[in-house]
Structure formats: structure tokens, C-alpha cells
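Colleague: Residue numbers (numbering that gives the first Met the number 0): 0 to 189.
In case anyone wonders, no lab produced these hints; they're calculated from the structure. Possibly wrong hints are sitting among the right ones.
Using C-beta positions, here's what the derived DEER-type ranges look like [stated by the list, open to error]:
no., residue 1, residue 2, range
1, Val175, Asn113, 46 to 52 Å
2, His86, Asn48, 32 to 38 Å
3, Ala129, Gln57, 22 to 28 Å
4, Leu110, Phe134, 43 to 49 Å
5, Asp69, Phe132, 50 to 56 Å
6, Val175, Ser100, 23 to 29 Å
7, Glu82, Phe61, 45 to 51 Å
8, Asp69, Lys105, 45 to 51 Å
9, Met174, Ser100, 53 to 59 Å
10, Ala166, Ala49, 21 to 27 Å
11, Asn63, Leu110, 44 to 50 Å
12, Asn171, Gln89, 23 to 29 Å
13, Met174, Leu104, 40 to 46 Å
14, Ala166, Gln103, 45 to 51 Å
In silico lysine-lysine, PhoX-like type, Cα no more than 20 Å apart, as pairs [as the list claims (entries may be wrong)]:
no., residue 1, residue 2
15, Lys149, Lys72
16, Lys72, Lys91
17, Lys167, Lys72
Each residue gets a CB set at the ideal place from its N, CA and C atoms; glycine is no exception.
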Amino acid sequence: MKGPTCLLPESERHASKTFTGVNISHGTGSADSKRNTATMHPPDNANANAKLDQKVLQYENFINEVLRRDLQKVLQQRDSVYEKISHYLQLKNSIQSLQHSGSQLKTDVDLGCNFFVQAEVEDSSRIFVAVGFGFFVEMTHEEALRFIEKKTNQLSAFTEQLTKDSAKIKANIRMVIEGLRELQGLTEVF
């Protein structure tokens, strides 16, 4: 394998020198070796280190671009479900206070752009409850409380599943990090 021309001083051209992974040899008198050439032979250790570094980068990218992103999505989804549960519990408290106060209700109604008017509901025995996808269902207080109980149980089960999913993703991240430490020969820092 021919490489670039050797640029060593004339006094050093007749010796063979090895510099950090580069073997420089000089021809002496043959027709093909009128020019001095440098031949590069990377040591096997350097190839192994380069492959190791490449694998480490692949695993780090997998952690940062896949696992951490998935973990963030699951945690955001779980937070939004917790927020829905909070809204249903607020509605449950409002219905219970409405049951104790009687059938007449005084409230402020938003007309838009933060303009409110006072309103009075003469018969509040039936209410409209958002059931999802923009649909509202008219229910009695008892029906609404039963619906809220079922819905919060369903959402709580979903948050438990999301919590398990996040724990699995965290375990996968930890496992890949431990694998990286083992590949690099590092000891556990914490």
C-alpha cells in the first residue's frame, strides 16, 4: 500500500521509524522505491477503541433520542391524566355542595373575553357533564356522581399503567447506562 511522500530530512531517510500508529519505511535503490513513502498501519488496539467509541455513541444516542424522549412523553401523558382526575374531583365537590345547598344556584357566567354576568339557575337538579370528545350528557346529581366515580377509577387505572411504563423505561435507561460503564471499564460512581 503506497502512501504520501515522506518528508523526513535526508539524514533520517535510510532508517525505518515508527510514530504512533504510523510505520514509515524507506526504499534504498530499487526502481519502484525511488521516492520515500509512508505506510499507515493502525494498531489493532486503535481499531478496537474506535469500534468501542462508535458503539458507546450509538448507545448514548439511543438513550438520549429514544428512551428519554419516550419517558418524557409517558410522564407528560400521566400528568395530563392526573389533571383530568383533578377536574372530575372538583366537579364532584361542586355537585355535592350543590346537593346540600338546595336546587337554586347563583353563579357567574363567562360571556367571552373575561366578561362575566351573574346568573341564577332556578332548577339545578339536572346538570350537563362533559363525557369526552366534546359531548355533554344531561344527568341528575346521583347519575353524575356515579359517572365521576367510574371515570376517576378508569383514569386512576390508566395512571397506574403509565407509572409502570415509566418505571420500565427508567429501568431500560439504567440497564443501558450500566452496559456502557461495563463496555468502557468504568466503576460505578454513585
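Colleague: Now tell me if each hint is right for this structure.
Modeller: Okay, the hints, checked on the actual structure:
| no. | hint | result |
| --- | --- | --- |
| 1 | Val175 <-> Asn113: 46 to 52 Å | holds, 50 Å |
| 2 | His86 <-> Asn48: 32 to 38 Å | violated, 56 Å |
| 3 | Ala129 <-> Gln57: 22 to 28 Å | violated, 46 Å |
| 4 | Leu110 <-> Phe134: 43 to 49 Å | violated, 23 Å |
| 5 | Asp69 <-> Phe132: 50 to 56 Å | violated, 26 Å |
| 6 | Val175 <-> Ser100: 23 to 29 Å | violated, 57 Å |
| 7 | Glu82 <-> Phe61: 45 to 51 Å | violated, 31 Å |
| 8 | Asp69 <-> Lys105: 45 to 51 Å | holds, 48 Å |
| 9 | Met174 <-> Ser100: 53 to 59 Å | holds, 56 Å |
| 10 | Ala166 <-> Ala49: 21 to 27 Å | violated, 36 Å |
| 11 | Asn63 <-> Leu110: 44 to 50 Å | holds, 48 Å |
| 12 | Asn171 <-> Gln89: 23 to 29 Å | violated, 36 Å |
| 13 | Met174 <-> Leu104: 40 to 46 Å | violated, 56 Å |
| 14 | Ala166 <-> Gln103: 45 to 51 Å | holds, 49 Å |
| 15 | Lys149 <-> Lys72 | violated, 26 Å |
| 16 | Lys72 <-> Lys91 | violated, 29 Å |
| 17 | Lys167 <-> Lys72 | holds, 14 Å |
Going through the hint list in order, the structure does not satisfy hints 2, 3, 4, 5, 6, 7, 10, 12, 13, 15 and 16.
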